[in-house]
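All chains, full assembly: derive it from the sequences and hints.
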Amino acid sequence: MNREDYRKAFDELSFSADFQERTADLLQQRARELEKERMNMTFSKTKKMAALIAACVALLAVSVSAAYMWLTPAQVAEEHDQPLLAEAFQGPDAIAINETVESGDFSITLLGLVTGRNLDTLNPDLEQDHTYSVLALRRLDGTPLENETFDFGSYTMTPLVAGCSPLAVNNWSLDAFAQGFAKDGVYYYLLDTRSIEMFADRTVYMAFYEGFVPNNDTFTVAEDGTIAFADDFSGVHALFTLPLDPAKADRAAADAFVESTGMNGWTNERSDPEGEWNIERHETEDGEEIFLTPKGEQ
Amino acid sequence: MVPFGTDETISRMVADYSDMLLRLASARLGSTADAEDAVQEAFLRLLTARPAFRDQEHEKAWLIRTTLQRAGDIRRRAEQRNIPLEDVAEPMAPESPGEELRSAVRALPEMYGAVIHLHYYEGYSIKEIGKLLGLPAATVGTRLARGRERLRQMLKEDVV
Numbered sequence: 077m078n079r080e081d082y083r084k085a086f087d088e089l090s091f092s093a094d095f096q097e098r099t100a101d102l103l104q105q106r107a108r109e110l111e112k113e114r115m116n117m118t119f120s121k122t123k124k125m126a127a128l129i130a131a132c133v134a135l136l137a138v139s140v141s142a143a144y145m146w147l148t149p150a151q152v153a154e155e156h157d158q159p160l161l162a163e164a165f166q167g168p169d170a171i172a173i174n175e176t177v178e179s180g181d182f183s184i185t186l187l188g189l190v191t192g193r194n195l196d197t198l199n200p201d202l203e204q205d206h207t208y209s210v211l212a213l214r215r216l217d218g219t220p221l222e223n224e225t226f227d228f229g230s231y232t233m234t235p236l237v238a239g240c241s242p243l244a245v246n247n248w249s250l251d252a253f254a255q256g257f258a259k260d261g262v263y264y265y266l267l268d269t270r271s272i273e274m275f276a277d278r279t280v281y282m283a284f285y286e287g288f289v290p291n292n293d294t295f296t297v298a299e300d301g302t303i304a305f306a307d308d309f310s311g312v313h314a315l316f317t318l319p320l321d322p323a324k325a326d327r328a329a330a331d332a333f334v335e336s337t338g339m340n341g342w343t344n345e346r347s348d349p350e351g352e353w354n355i356e357r358h359e360t361e362d363g364e365e366i367f368l369t370p371k372g373e374q
Numbered sequence: 040m041v042p043f044g045t046d047e048t049i050s051r052m053v054a055d056y057s058d059m060l061l062r063l064a065s066a067r068l069g070s071t072a073d074a075e076d077a078v079q080e081a082f083l084r085l086l087t088a089r090p091a092f093r094d095q096e097h098e099k100a101w102l103i104r105t106t107l108q109r110a111g112d113i114r115r116r117a118e119q120r121n122i123p124l125e126d127v128a129e130p131m132a133p134e135s136p137g138e139e140l141r142s143a144v145r146a147l148p149e150m151y152g153a154v155i156h157l158h159y160y161e162g163y164s165i166k167e168i169g170k171l172l173g174l175p176a177a178t179v180g181t182r183l184a185r186g187r188e189r190l191r192q193m194l195k196e197d198v199v
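Protein sequence lines, in the order shown, are assigned to chains A and B.
The first sequence maps to residues 77 to 374 in the working numbering.
The second sequence maps to residues 40 to 199 in the working numbering.
Derived by calculation from the structure, the hints in this document are not laboratory data.
Note that beta-carbon positions come from the ideal geometry of N, C-alpha and C, so glycine has one too.
Please note that the accuracy of each hint is not assured.
Said to hold, decoys possible - Residues from chain A that keep clear of chain B, each with C-beta distances beyond 12 Å, as calculated:
#, residue
1, Gln166
2, Pro168
3, Gly256
As the list claims (entries may be wrong) - Within a straight-line C-alpha distance of at most 25 Å, the following computed DSS-like cross-link-like pairs (lysine-lysine) qualify:
#, chain 1, residue 1, chain 2, residue 2
4, B, Lys99, B, Lys170
5, B, Lys195, A, Lys324
6, B, Lys99, A, Lys84
7, A, Lys259, B, Lys170
8, B, Lys99, B, Lys166
9, A, Lys324, A, Lys112
Said to hold, decoys possible - Label pairs and their in silico Cβ distance ranges:
#, chain 1, residue 1, chain 2, residue 2, range
10, A, Glu345, B, Lys166, 28 to 38 Å
11, B, Arg115, A, Glu299, 53 to 63 Å
12, B, Glu149, A, Thr343, 42 to 52 Å
13, A, Gly180, B, Asp112, 21 to 31 Å
14, B, Arg51, A, Ser230, 15 to 25 Å
15, A, Arg106, B, Asp94, 17 to 27 Å
16, A, Glu154, B, Glu139, 40 to 50 Å
17, B, Glu149, A, Gly167, 20 to 30 Å
18, A, Val289, B, Glu139, 39 to 49 Å
19, A, Ala329, B, Asp94, 45 to 55 Å
20, A, Arg108, B, Glu161, 45 to 55 Å
See the structure below:
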């Protein structure tokens with residue numbers, strides 16, 4: 077058997093001629109029903125809330141931040157149809173964080189994380205531990221965040237590790253899978269990465285910021301390896317320190333991982349794009365070979 | 040990206056991904072009707088889960104994973120209802136070489152079947168499959184090699 081045989085065997089299959097039309101119709105109808113349900117729920121919730129607020133105002137004053145209710149990480153996992161993960165978020169290995177940073181127009185709350193194996197029902201036979209982290213985002217002025225309008229792709233949620241280049245340990249090298257949804261005006265991120273516990277004997281961060289791949293416009297790395305946002309970074313941002321158990325660190329695995337990325341270089345100095353490359357020229361029989369390597373890369 | 044749920048995005052995604060997902064589901068399910076159910080269920084999950092995708096690769100990866108999960112669910116439900124395979128006296132003879140190959144692929148353990156299909160039908164590299172399924176490339180390579188070996192044993196011919 078070769079690829080051609082394989083393709084031929086599966087190309088022989090015929091599906092319903094109207095599958096696409098039928099499926100699109102079904103989805104469009106279901107989307108309208110869901111929208112109607114959502115509007116009804118919002119309406120009924122608003123009426124209930126009005127009654128509740130009227131009752132509470134007479135009894136006590138509660139600060140806005142204390143009164144704010146998030147979904148729990150377990151509920152976020154349930155929304156993603158991940159029952160095993162939801163259970164893990166309620167188990168002994170879960171780490172509750174519940175820290176909030178206000179930045180720009182947003183309040184950013186890291187709710188918690190858990191590390192484990194085979195917690196993902198969509199991908200049940202992973203052969204290594206993964207870390208799942210949940211973050212909540214809301215607007216400080218109370219304007220609800222909605223799936224239809226929130227620009228998920230403009231923000232990045234990523235682990236970073238002190239002493240390692242942000243180019244080496246980040247979402248991209250950790251094979252992250254980020255998902256999000258809005259509920260009751262709050263936007264929830266569920267980030268799945270390879271386990272970050274191997275770095276637990278160092279300072280491990282969870283960064284959230286407006287932007288894409290980490291670079292020196294966004295971050296600075298101090299001589300002792302500490303990572304911080306650049307002083308002039310103006311986008312929405314928050315940096316949380318994760319309370320991981322140092323006993324779970326695996327320095328050899330962490331070093332091997334960083335080494336495998338081939339990206340453990342860093343410079344805080346910014347330069348014009350043309351000056352960011354080392355240029356090596358070598359004479360060859362056919363002329364000249366030119367090697368370009370990023371200056372920060374070792 | 041435009042959020043899923045508008046008529047425009049629904050039509051685009053159904054048109055872009057249906058064929059690929061139906062054949063992927065057929066690598067796990069013997070009935071085309073079941074494959075169609077699995078793919079419809081995966082699309083419906085988009086409406087309720089409302090994931091926000093970074094880009095089209097992320098969108099595709101999500102649909103592939105969800106379709107595989109739905110196909111696995113349908114298969115497990117069917118297996119629970121049916122007589123165990125070992126109680127069946129004699130399996131029916133395959134009607135064509137294509138049917139024989141499809142049956143062999145479906146008989147592979149779940150962890151091998153998806154990798155084999157994505158590689159042989161869709162032409163994805165080991166690294167690309169790793170990204171789509173959220174697995175390390177080394178794991179994908181191992182599964183591909185083991186899946187090929189099992190197919191070779193079942194089909195009694197070389198698998199290249």
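Against the structure, the hints come out as follows:
Distance check for Gln166 of chain A against chain B: the nearest CB is about 20 Å away, which clears 12 Å, and the non-interface claim stands. Non-interface status of Pro168 of chain A relative to chain B is upheld: no Cβ of that chain comes within 12 Å, the nearest being about 25 Å off. Against the 12 Å criterion, Gly256 of chain A falls within the reach of chain B, whose nearest CB is about 4 Å from its own CB. For the given pair, Lys99 of chain B sits about 11 Å from Lys170 of chain B by alpha-carbon distance, which is consistent with the 25 Å threshold.
A threshold of 25 Å between alpha carbons decides the hint, and for Lys195 of chain B with Lys324 of chain A the separation of about 47 Å lies outside it, so the pair is violated. Using a Cα cut-off of 25 Å, the hinted pair Lys99 of chain B and Lys84 of chain A holds, with the two alpha carbons roughly 23 Å apart. With a C-alpha separation of about 28 Å, the suggested pairing of Lys259 of chain A with Lys170 of chain B is violated against the 25 Å cut-off. Restraint check for Lys99 of chain B and Lys166 of chain B: the C-alpha separation of about 15 Å stays at or below 25 Å, so the hint holds.
Proximity of Lys324 of chain A to Lys112 of chain A is assessed by CA-CA distance (about 48 Å); at most 25 Å being required, the pair is judged violated. Our hint of 28 to 38 Å for Glu345 of chain A and Lys166 of chain B holds, since their Cβ atoms are close to 33 Å apart. A hinted range of 53 to 63 Å for the beta carbons of Arg115 of chain B and Glu299 of chain A is consistent with their spacing of about 55 Å. For Glu149 of chain B and Thr343 of chain A, the Cβ-Cβ distance of about 46 Å falls inside the hinted range of 42 to 52 Å, so the restraint holds.
Separation of Gly180 of chain A from Asp112 of chain B is about 42 Å and departs from the stated range, judged on CB atoms against 21 to 31 Å. Taking 15 to 25 Å as the suggested C-beta distance range, the pair Arg51 of chain B and Ser230 of chain A conforms, at roughly 21 Å. For Arg106 of chain A and Asp94 of chain B, the hinted distance range of 17 to 27 Å is satisfied, since their beta carbons lie about 25 Å from each other. Distance hint for Glu154 of chain A and Glu139 of chain B: a CB-CB separation of about 42 Å, consistent with the stated range 40 to 50 Å.
Remark: the range hint 20 to 30 Å for Glu149 of chain B to Gly167 of chain A is upheld by a beta-carbon distance near 26 Å. Between Val289 of chain A and Glu139 of chain B the CB atoms are about 47 Å apart, so this pair conforms to the stated range of 39 to 49 Å. For Ala329 of chain A paired with Asp94 of chain B, a C-beta distance near 30 Å fails the hint of 45 to 55 Å. The hinted range of 45 to 55 Å is not satisfied by Arg108 of chain A and Glu161 of chain B, whose Cβ atoms lie roughly 33 Å apart.
This entry does not satisfy hints 3, 5, 7, 9, 13, 19, 20, going by the numbered hints stated previously.
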